[in-house]
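**Q** So the chains spell out like this:
There are 2 protein chains.
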Amino acid sequence: MHKGLIVQKFGGSSVANVARIQNVARRVVSYKKKGCALVVVVSALGDTTDELIELANKINPEPSEREMDMLLSTGEQISVALLAMAIHKLGFEAISFTGAQVGIITDTSHTRARIIKINADKIKEELRKGRIVIVAGFQGVTLNQDITTLGRGGSDLTAVALAKELEASACEIYTDVEGIYTTDPRIEPKARKIAQITYEEMLEMASLGAQVMQARSIEVAKKFNVPIHVRSSFSEKPGTLIIKEVKRMEDVVVTGVTLNRNEAKFTICNVPDRPGVAAKIFKELSSGGINVDMIVQNVSHTRQTDISFTVNKTNTAKTMRIVKQAASKIGAGDILEDRDIARVSVVGVGMKSHPGVAATMFGALAKNKINIEMISTSDISISCIIQKKFAQEAVRALHEKFGLAK
Amino acid sequence: MHKGLIVQKFGGSSVANVARIQNVARRVVSYKKKGCALVVVVSALGDTTDELIELANKINPEPSEREMDMLLSTGEQISVALLAMAIHKLGFEAISFTGAQVGIITDTSHTRARIIKINADKIKEELRKGRIVIVAGFQGVTLNQDITTLGRGGSDLTAVALAKELEASACEIYTDVEGIYTTDPRIEPKARKIAQITYEEMLEMASLGAQVMQARSIEVAKKFNVPIHVRSSFSEKPGTLIIKEVKRMEDVVVTGVTLNRNEAKFTICNVPDRPGVAAKIFKELSSGGINVDMIVQNVSHTRQTDISFTVNKTNTAKTMRIVKQAASKIGAGDILEDRDIARVSVVGVGMKSHPGVAATMFGALAKNKINIEMISTSDISISCIIQKKFAQEAVRALHEKFGLAK
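For the protein sequence lines, the chains are W and R, in the order given. If you're matching positions, the first sequence starts at 1 in the working numbering and goes up one per residue. If you're matching positions, the second sequence starts at 1 in the working numbering and goes up one per residue.
Just so you know, the hints here were simulated from the structure itself, not pulled from any lab data. One or more of the hints may lead you astray.
Identical copies go unnamed one by one, so any copy, or any two together, can satisfy a pair.
[Stated by the list, open to error] DSBU-like mimics (lysine-lysine), calculated; alpha carbons at most 30 Å apart, straight line:
(1) Lys89 x Lys318
(2) Lys164 x Lys193
(3) Lys367 x Lys237
(4) Lys124 x Lys388
(5) Lys318 x Lys190
(6) Lys222 x Lys193
(7) Lys34 x Lys124
(8) Lys244 x Lys58
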């Protein structure tokens, strides 16, 4: 471990304008003054990435992924150059690099590339010179020198991967909220900042709707045991530590409540109850590029059953087309689509050793007269599909029931 | 020479918005349909470069040149990606590259780098695959992988250098005017498009105020004898050919009239007429980074003389400071500054073999009661400094006198 080396990542909202870039520069320099060695990863300014995507779509609604990466990678390149200039203005040495320049080598899966290796020699050399090293997040380069990007939220991955490669003593993810909360504070004002959370819980929360950090970057942090500190770039307060194991004073069963309103539910009625029939349907969806989330099939007492599943709302038209074809092939009945649903989930490693969490959850919802339409569980989470109009009420009820309030 | 290979360069105004990018795509594809192999060099969209410079200056009024290049090179990277997408939309294969990716190797003089060599293997490989190759203009990379830019108008240089390296059969510079004119059509509506012009004349016109092409790129074209076709991206009409030697039907003495209103005149009075005194003044200016343009010193009949010179208007304050110090050291008198001047010039290789051009020029100005304040001549040009209020009248009078009108 490189004692005193910190990797800091600043998201788009932290560098959205000149004043915020100057704010980031001051914060970085304040750590430099304390004697830290610094590698700073930056995202594109504010909504730059969305604006570039919009521009591209005007020219070609199905742009080549290679060219899309060529286009989008400019956003972070602008950020790093401006941050370097802002740091120079404060009288400190800094040097900016693109992903290609610091040897972030990826595979060739444009727009969602995976990092193969990092040749960190250049960064190490600049750190030895005492410089603050600024690296464009979200991007890499193939062995053939084509520019790639790492997918939405990819700057988090850049930061975690660099922290691992450089054996940094800390990886700080700066954002516009103060850390990870027990639930979305816009829904439940009593939501509390979580001081420490495990990788496992964070992964579950990210996949169930919490949007603070990219899930892939947490996976990498977990794999290499890189401690992450999620905190606000507008405040000095400590945020949330994401680490391997959390020693909690009390027995915490549920760590957080999440909500996802971006899913739609499909039900295929009267599916013949024979082996391989469900497989057929979901194979068709998968070859159509549709990611199916929750799947529920009840035990049948006749020779037919109903199968329900959820998909992201952006895919409903395509899903309906594929399912209709598949259903007619296998001789199933009607297909129902419901876009007015929400998934509410409770997450916590404590569940592993505390039975009865599901019963408590179902009870709390029942007490509020909220009907549960589908249930799915994992080792450390329980999710219920309910009608969307009850979503906020459900979140608040569960937050209260599991004692997460301030 | 690669028969049928054309290098086309499109300036910022040609790709200023989505519709114009689509227009460029259609034009490029129309050449591809004719069976040409194409390398397309593109500048940044519209005023992108100026906007980025402004942003940088807000953050740091004296930005590091390395970081400036990092920032500005994104402009062309955006253009090439969007143009590739627009060409794909028309059903043709195209691939975009940054200067670094196609191996445009430069020295380390950031913001005004010089091309050392081009490793064109990647371009050749893509051309063999039948693809349209799109290259970001204005930029290169050092051997240490730092991004560099080639100075204002550097995309012209990229195009000319690639045309030379690839032995292209043509190098077309597309712009928002139809070619090189006998003088600025905004000043003299009778200005005529010049069909052919020599490198020498074009260089002289560029250095005297004509702004269509970057002077350095013409120098390179001249050195390697790369024929250039300057033409409009909004019209199919032929533009102006810039070539080594022009066979003209008639004896043309003057090819064009140029005007430069961006200079200021300084006069140092009563300079002691001793060897080395003038040298001292101009050495100080040169070490201060001031580029002096025209210098005039009259023969003196006493032991004192007046020295006049012109500099770019942006440098007047600094020039005055340096000249004041120098003048007091050498014991010279007052210093006069005049910002209300203009330089009007006539250019033409025909002058070499036709005496009397100066007399004709002075006569035409005298006839219009325009006083000449300074005169300077080269092999193929004559320039006069006059009062700015007479500038347009002078241009029109000379344009008429030398028979350049339509």
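**Q** Which numbered hints does this structure break?
**A** 3, 4, 5 and 8
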